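Visitor: Using the supplied hints, reconstruct the complex from the two chains, each of which is provided in its own coordinate frame.
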Amino acid sequence: MKIVSLDPRVNRSSINQTEESVVLKKLDQFQTYEVFAQTKRGVHHVHVGSVHAANKKIAVLFAKEQYARRGECVNIWVVKTSDIATTEYEDSDIFDTLDEKTHRNPESYKVLDRIKKYKERTSK
Amino acid sequence: MYGNAYIDPKKANSSLVEGENPEKLAEFEARILRGEKIEPKDWMPAMYRKQLVRMIEQHAHSEIIGSLPEGTWITRAPGFRRKLALMAKVQDEVGHAQLLYNAAETLGKSREDMINDLISGKSKYSNVFNYPAKTWADSAIIAWLIDAGAIVNQLANSRGSYGPYCRALERICAEESFHLKYGHDNVVFLATGTSKQREMVQDALTRWWPPIMHFFGPSDKDSIHSETLMRWKVKMASNDDMRQQFLNMYVPKIWDLGLTLPDPNLKKNEETGKWDYTEPDWEEFKRVINGGGPCNAERLAVRRTAEENGQWVRKALLKETETYVTPLS
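First to last, the protein sequences are chains A and B. Here the numbering used here is used: the first residue of the first sequence is 1, the next is one more, and so on. Here the numbering used here is used: the first residue of the second sequence is 1, the next is one more, and so on.
Derived by calculation from the structure, the hints in this document are not laboratory data. Model, not experiment: these values are computed from the prediction. Even glycine gets a Cβ: it sits at the ideal position worked out from N, Cα and C. Watch out, some of these pointers could steer you wrong.
Calculated lysine to aspartate or glutamate pairs in the DMTMM-like style (CA-CA distance at most 20 angstroms, straight line) [said to hold, decoys possible]:
#1 K26/A x D113/B
#2 K134/B x E199/B
#3 K80/A x E65/A
#4 K26/A x E320/B
#5 K41/B x E90/A
#6 K37/B x E88/A
#7 K2/A x E307/B
#8 K26/A x D117/B
#9 K286/B x D222/B
#10 K25/A x E320/B
#11 K124/B x E19/A
#12 K41/B x E88/A
#13 K80/A x E322/B
#14 K319/B x D28/A
#15 K319/B x D83/A
#16 K57/A x D83/A
#17 K80/A x E112/B
#18 K253/B x E199/B
#19 K267/B x D241/B
#20 K40/A x E72/A
#21 K57/A x E320/B
#22 K25/A x E308/B
#23 K124/B x E112/B
#24 K56/A x E322/B
#25 K57/A x D28/A
#26 K274/B x D241/B
#27 K122/B x E19/A
#28 K41/B x D93/A
#29 K124/B x E307/B
#30 K2/A x E20/A
#31 K26/A x E308/B
#32 K233/B x D42/B
#33 K64/A x D92/B
#34 K268/B x D240/B
#35 K25/A x D117/B
Between beta-carbon pairs, the in silico distance windows are [stated by the list, open to error]:
#36 K196/B x V79/A: 52 to 58 angstroms
#37 V74/A x S177/B: 18 to 24 angstroms
#38 E88/A x K268/B: 51 to 57 angstroms
#39 S15/B x K26/A: 30 to 36 angstroms
#40 H45/A x T75/B: 37 to 43 angstroms
For reference, chain B alone in the conformation it holds in the complex (with noise of 0.2 angstroms):
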């Protein structure tokens, strides 16, 4: 499960190739073009590299963090089938981080350092995990729709040009493939239960709507990089375009069950066959990533906490003689 990385336009330098050496990036980008992936010892321009690995060491926080909000529920699952289902849906994530930090590792940056970077505060994750799972109900949402977004976003791409993160992608996506059928059969055991059950997968349907129309980050298409981001295959479609495309394969989907949506302004626009809607609240949005969410204290601590108390088992067998070397993957 995934949320996309958010790049702020303003802040990146004006171009991404500046200083380049010409020949070597057009050859870069002729292998790219010729549907060539590249390699992890392969020249690459140096904004490449940057935002590969911001980019995959998000998604990689992005699964070790979602796994707290989704995790809540395990000890209070409603039967032993969806308590099995869930824990094993939560160890998929956790599995998925770490074939992302491995791909995000062949770039250079340490797993050290990318723990580091996480629990300081200093690298992002997915805004929609520091908001709470309030009901069981909740869970059931987020195991459908948020992972519905995320199946979205990494089919996207895993058809990209970096060769160990469409590897990466390419097992999380078939493994995933049952955690958005676990999510659909929640919310629609609650959707077509007891009133009460439909009340409560209402409410979750209504709280978490918000969070998940910013899953997809905000409208990137004006932005300056988004060209080159996409000739380079780093980014495989805009962030509009994905939102377009999970609102045309779920919304219908979610009225289908009689649940609604907190937008009076959602529906498809049949002349531009695409969806119109009131555009999120993207202040919220920028409050949220920067600190200021529900939760984004509690899934700091609790990460922080378990690499503390882990740390002496870790300190007990590190043997002195190691050396690292960067993974191959």
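Next comes chain A alone, as it looks inside the complex (with noise of 0.2 angstroms):
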């Protein structure tokens, strides 16, 4: 029996009734691929998202269409999540800084001080 609808577009595509369903297999979707989209020139890629696809043109491809179709992007970068190298969040302390780096803290050079006791000192 073929399904009646109001939608003549599903009509056209004259769909079996059934209670037969396909089953995808695993990668049925692909891989995929990490997206980076650049506002505008002179500013950093940002990563936006992931899309999944068969190879990088065609990532490129879903990445316009997923992540610029309201303009706002003049350039896009794809890249295979599995070639990314990450760092854990549980591992975070690793971006801990020591306080007594204050070396390299621009606040921590007082040169005025320095100078303007130099000057109390040699104008006597």
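Guide: Okay, here's the thing in structure tokens:
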């Protein structure tokens, strides 16, 4: 028995009413690519999400359709998710900095104090 | 566009945290309390993962299936501009499904499994899409009021705790702002038109009102899990609260057009500040969600056929050497 629909597109497709169902196997939807988009020249590309695609050309096409439908994009990069190396959140203490590393803070350099003292000393 | 995920309170286990490591659980809950997001590889309670997969997956399915009743009128949209707008809206909905499937995938369920569970009928999607879009006016009511309900829901959920879901919802909400305007424009055009056009939009509104009242799901404020799910920021507002918010925002706009709603008890209670209404027919809701609605069979058959028809192309493109890893987003 064919499906009878209000939608002419469905009627044209001549769809059988059946209990049988297709079962998608592993990788039917391919692997994923991570997408990086640049909103305008001069700024960094930023990760915006991922797409499933059979190869990198299709990944670029899908990324454009998926993440640049409203403009605000001038360039896209895609990279296979499996090619990305990451740190783990549970190891995020590797990013902690020690308090005594003040030599990396511009505020820790007090040249004006020294100049002032020098001037006071030499003007006497 | 979306409908609230339906959680059967009778089916769930007695406790959502049974068997969890108390130390890790405390750390997890403290993180959420501090307003930090949970990211895919973080430790999370099994039920947090399970509820989120179910919720995000149902949301994704709703976007896909929801594009079918709306798509019904693409071929016969009145005028080229409306046809273009409707096609753009339907493309958005399908795109939103992709974003949501990705978010659900980060929790460990493959896209193939999600599609299989949709077309076999195991997974649910928003119940409203099991009703037909009989006329052009139906598509206008869907685009205005179903999307309005969806935005109430999605804005609430975008403040939730799971990072990938929030990020997907932010993009979705930004894109959906035109949907609501487009739908409102279509309804207003009919409501301010000829007597026949008014009759058409009134008829569609009358038919869609019960599904719209079902949209946010049955009252869950007494559900034993609501408290935990809200503490985990999986659920951001009770179904009743979201329904109230929707009524408060849209009933005045509907009445303003001189349209009527098929519920004689619907009125704002000035004492409580809340809307009184006739309790929706939740037996009908359950019957439809379990496959007994007017369009359930058609929706799944169309979806299944799309998978079948595309399978040879995907098979031809698939390289044997491919491997799958969970997406990062």
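Visitor: Taking only the CA atoms, is the gap from K41/B to D93/A under or equal to 20 angstroms?
Guide: 16 angstroms, holds
Visitor: So if I understand the rule, the pair passes when the alpha-carbon distance is 20 angstroms or less; does K56/A with E322/B pass?
Guide: 12 angstroms, holds
Visitor: If you check the beta carbons of H45/A and T75/B, does the distance land in 37 to 43 angstroms?
Guide: 39 angstroms, holds
Visitor: Are K26/A and D113/B close enough, with their CA atoms no more than 20 angstroms apart?
Guide: 8 angstroms, holds
Visitor: Between the alpha carbons of K319/B and D83/A, is the straight-line distance 20 angstroms or under?
Guide: 17 angstroms, holds
Visitor: Is it true that the CA of K37/B sits at most 20 angstroms from the CA of E88/A?
Guide: The given pair, whose Cα atoms are some 15 angstroms apart, holds under the 20 angstroms limit.
Visitor: Quick one, are K124/B and E307/B close enough, alpha carbons at most 20 angstroms?
Guide: 18 angstroms, holds
Visitor: Is it true that the CA of K25/A sits at most 20 angstroms from the CA of D117/B?
Guide: Given pair K25/A, D117/B holds - Cα atoms ~12 angstroms apart, limit 20 angstroms.
Visitor: For a C-alpha distance cap of 20 angstroms, please report whether K253/B and E199/B respect it.
Guide: Status holds; Cα separation ~18 angstroms.
Visitor: Taking 20 angstroms as the top limit, are the C-alpha atoms of K268/B and D240/B close enough?
Guide: 15 angstroms, holds
Visitor: Tell me if the straight-line CA distance from K41/B to E90/A falls inside 20 angstroms.
Guide: 9 angstroms, holds
Visitor: Holds or violated: K274/B with D241/B, Cα cutoff 20 angstroms?
Guide: 9 angstroms, holds
Hint compliance for this structure: no hint is broken.
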